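Participant: Sequence:
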Amino acid sequence: MERNINTPSSQQYNFENFTALSCDMITKLVNRTCFMELFKNLTSQADTSNQTSVLLLINVDEFRSINDIYGHSVGDELLHRLAVLIQDTVINFDLIKYYTSSACIVGYLGSDEFGVFLPERDKEEGIRLAEEIRLKIEKTHFAGIPISSTVSIGIGIYPEHGSSTSELLTKTDAALYRAKEKKGNCCHLYLSEDRVLEQMHSRLEWKDRIKNALEEDRISPWFQPILSLKDNQIHHY
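For the sequence shown, our numbering begins at 1 and goes up steadily by one.
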């Protein structure tokens with residue numbers, strides 16, 4: 001006997017399971033894995049249509065200090081409020097395109113970073129949206145959060161700054177690093193002279209990852225005994 005498993009309860013389970021895998025629970029935005037998958041799919045579509053697209057990487061300035069001073073609950077609430085503001089700004093930026101196949105993606109990439117991908121948009125549109133997001137965040141004081149916040153935004157253009165998703169992400173990340181270098185609260189479009197920052201930022205990113213791992217006690221050292229050839233005894237580790 002054939003069994004029909006396409007019941008409302010199974011559909012609800014599948015939807016909830018998909019949401020759990022693709023959605024960040026704090027910000028309610030798509031998570032990094034889902035964002036990158038959608039990002040890759042949309043850039044593939046852009047290849048066939050010969051359209052430019054825009055990637056924005058948004059970093060919350062001094063977020064670690066906010067967590068250290070006010071606690072992670074305040075940090076999490078700030079991330080949630082920022083996510084709502086960013087998504088609302090993107091939706092209102094272009095209501096007509098937002099509900100079509102060229103809809104923008106807004107995602108939470110982890111830690112203190114958000115991503116926005118704008119398919120079939122040009123450089124001017126990307127710069128305008130980035131500045132609009134930055135200004136709205138600068139002027140907004142969230143109720144219940146004891147500190148105002150600002151963001152730095154890196155802007156990359158597809159395919160001008162990268163014909164692959166990884167290349168575009170690297171270039172936009174370098175643009176974000178340049179914005180942070182300017183003391184934050186600004187937007188920066190990738191320039192050719194930012195190329196030197198790509199390798200530098202990669203090294204600093206690994207340094208930051210190692211520091212975080214040490215602080216969270218996620219590194220387990222293993223020591224190899226060194227034997228003396230004279231007496232076959234352990235000399236040191």
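Source of the hints: derived by calculation from the structure; they are not laboratory data. Computed from a prediction, not measured in an experiment: that's the story for all the values here. Some hints could be false.
Said to hold, decoys possible - Below, in silico cross-link-like pairs of lysine-lysine (BS3-like), each with a Cα-Cα straight-line distance of 30 Å or less:
| hint | residue 1 | residue 2 |
| --- | --- | --- |
| 1 | Lys-123 | Lys-183 |
| 2 | Lys-182 | Lys-230 |
| 3 | Lys-230 | Lys-139 |
| 4 | Lys-136 | Lys-230 |
| 5 | Lys-40 | Lys-139 |
| 6 | Lys-136 | Lys-183 |
| 7 | Lys-230 | Lys-28 |
| 8 | Lys-40 | Lys-180 |
| 9 | Lys-139 | Lys-182 |
| 10 | Lys-136 | Lys-123 |
| 11 | Lys-123 | Lys-139 |
| 12 | Lys-136 | Lys-28 |
| 13 | Lys-139 | Lys-28 |
| 14 | Lys-180 | Lys-139 |
| 15 | Lys-40 | Lys-28 |
| 16 | Lys-180 | Lys-230 |
| 17 | Lys-123 | Lys-182 |
| 18 | Lys-230 | Lys-183 |
| 19 | Lys-139 | Lys-183 |
| 20 | Lys-28 | Lys-180 |
Stated by the list, open to error - Ranges between beta-carbon positions, derived for each pair:
| hint | residue 1 | residue 2 | range |
| --- | --- | --- | --- |
| 21 | Lys-40 | His-141 | 19 to 27 Å |
| 22 | Ile-147 | Ser-192 | 35 to 43 Å |
| 23 | Ser-164 | His-141 | 36 to 44 Å |
| 24 | Lys-182 | Lys-139 | 13 to 21 Å |
| 25 | His-235 | Met-25 | 48 to 56 Å |
| 26 | Glu-124 | Ala-213 | 35 to 43 Å |
| 27 | Trp-222 | Ser-148 | 41 to 49 Å |
| 28 | Glu-181 | Asn-232 | 49 to 57 Å |
| 29 | Lys-183 | Pro-146 | 44 to 52 Å |
From the three backbone atoms N, C-alpha and C, an ideal C-beta is built for every residue, glycine too.
Participant: It remains to establish, for every hint, whether it holds in the given structure.
Facilitator: How the hints compare with the structure:
1. The straight-line distance between the Cα atoms of Lys-123 and Lys-183 is roughly 24 Å, inside the 30 Å bound, and the hint therefore holds.
2. Of the supplied pair hints, the one linking Lys-182 and Lys-230 is violated, its CA atoms being roughly 59 Å apart against a limit of 30 Å.
3. Only pairs whose Cα atoms come within 30 Å are accepted, and Lys-230 paired with Lys-139 is rejected, the gap being roughly 72 Å.
4. Distance check on the hinted pair: Lys-136 and Lys-230 sit about 72 Å apart at the alpha-carbon level, beyond 30 Å; violated.
5. For the hint linking Lys-40 to Lys-139, the alpha-carbon distance of about 33 Å lies beyond 30 Å, and the restraint is violated.
6. Between the alpha carbons of Lys-136 and Lys-183 the distance comes to roughly 18 Å, so the proposed pair stays at or under 30 Å and holds.
7. Distance restraint check for Lys-230 and Lys-28: the Cα-Cα separation of roughly 64 Å exceeds the 30 Å cut-off, and the hinted pair is therefore not satisfied.
8. Pair hint Lys-40 plus Lys-180 holds up; C-alpha atoms about 26 Å apart against a cutoff of 30 Å.
9. At roughly 19 Å between alpha-carbon atoms, Lys-139 and Lys-182 fall within 30 Å of each other, so this suggested pair holds.
10. Pair hint Lys-136 plus Lys-123 holds up; C-alpha atoms about 20 Å apart against a cutoff of 30 Å.
11. Between Lys-123 and Lys-139 the CA atoms are separated by roughly 24 Å; this keeps the pair inside 30 Å, and the hint holds.
12. Distance check on the hinted pair: Lys-136 and Lys-28 sit about 20 Å apart at the alpha-carbon level, within 30 Å; holds.
13. This hinted pair checks out: Lys-139 and Lys-28 have alpha carbons roughly 23 Å apart, not beyond 30 Å.
14. Proposed proximity of Lys-180 and Lys-139 is supported: the alpha carbons are some 19 Å apart, at most 30 Å.
15. Distance check on the hinted pair: Lys-40 and Lys-28 sit about 21 Å apart at the alpha-carbon level, within 30 Å; holds.
16. Taking the CA atoms of Lys-180 and Lys-230, the gap is about 56 Å. The hint is violated against a cut of 30 Å.
17. Between the alpha carbons of Lys-123 and Lys-182 the distance comes to roughly 21 Å, so the proposed pair stays at or under 30 Å and holds.
18. For the suggested pair Lys-230 and Lys-183, the alpha carbons sit about 59 Å apart, so the restraint of at most 30 Å is broken.
19. For the suggested pair Lys-139 and Lys-183, the alpha carbons sit about 17 Å apart, so the restraint of at most 30 Å is met.
20. Under the criterion of a C-alpha separation no larger than 30 Å, the hint pairing Lys-28 with Lys-180 is consistent with the structure, at around 26 Å.
21. Range check, Lys-40 to His-141: about 37 Å between beta-carbon atoms, so the 19 to 27 Å window is missed.
22. For Ile-147 paired with Ser-192, a C-beta distance near 37 Å keeps the hint of 35 to 43 Å intact.
23. For the pair Ser-164 and His-141, the beta carbons lie near 40 Å from each other, so the given range of 36 to 44 Å is met.
24. Restraint check, Lys-182 to Lys-139: a C-beta distance of roughly 19 Å satisfies the suggested window 13 to 21 Å.
25. About 51 Å separates the C-beta atoms of His-235 and Met-25, a value consistent with the hinted range of 48 to 56 Å.
26. Between Glu-124 and Ala-213, the C-beta spacing of about 41 Å keeps the proposed range 35 to 43 Å intact.
27. For Trp-222 paired with Ser-148, a C-beta distance near 46 Å keeps the hint of 41 to 49 Å intact.
28. Under the hint 49 to 57 Å, the C-beta atoms of Glu-181 and Asn-232, about 55 Å apart, fit the expected range.
29. Take Lys-183 and Pro-146: their Cβ atoms lie about 22 Å apart, and the range 44 to 52 Å is violated.
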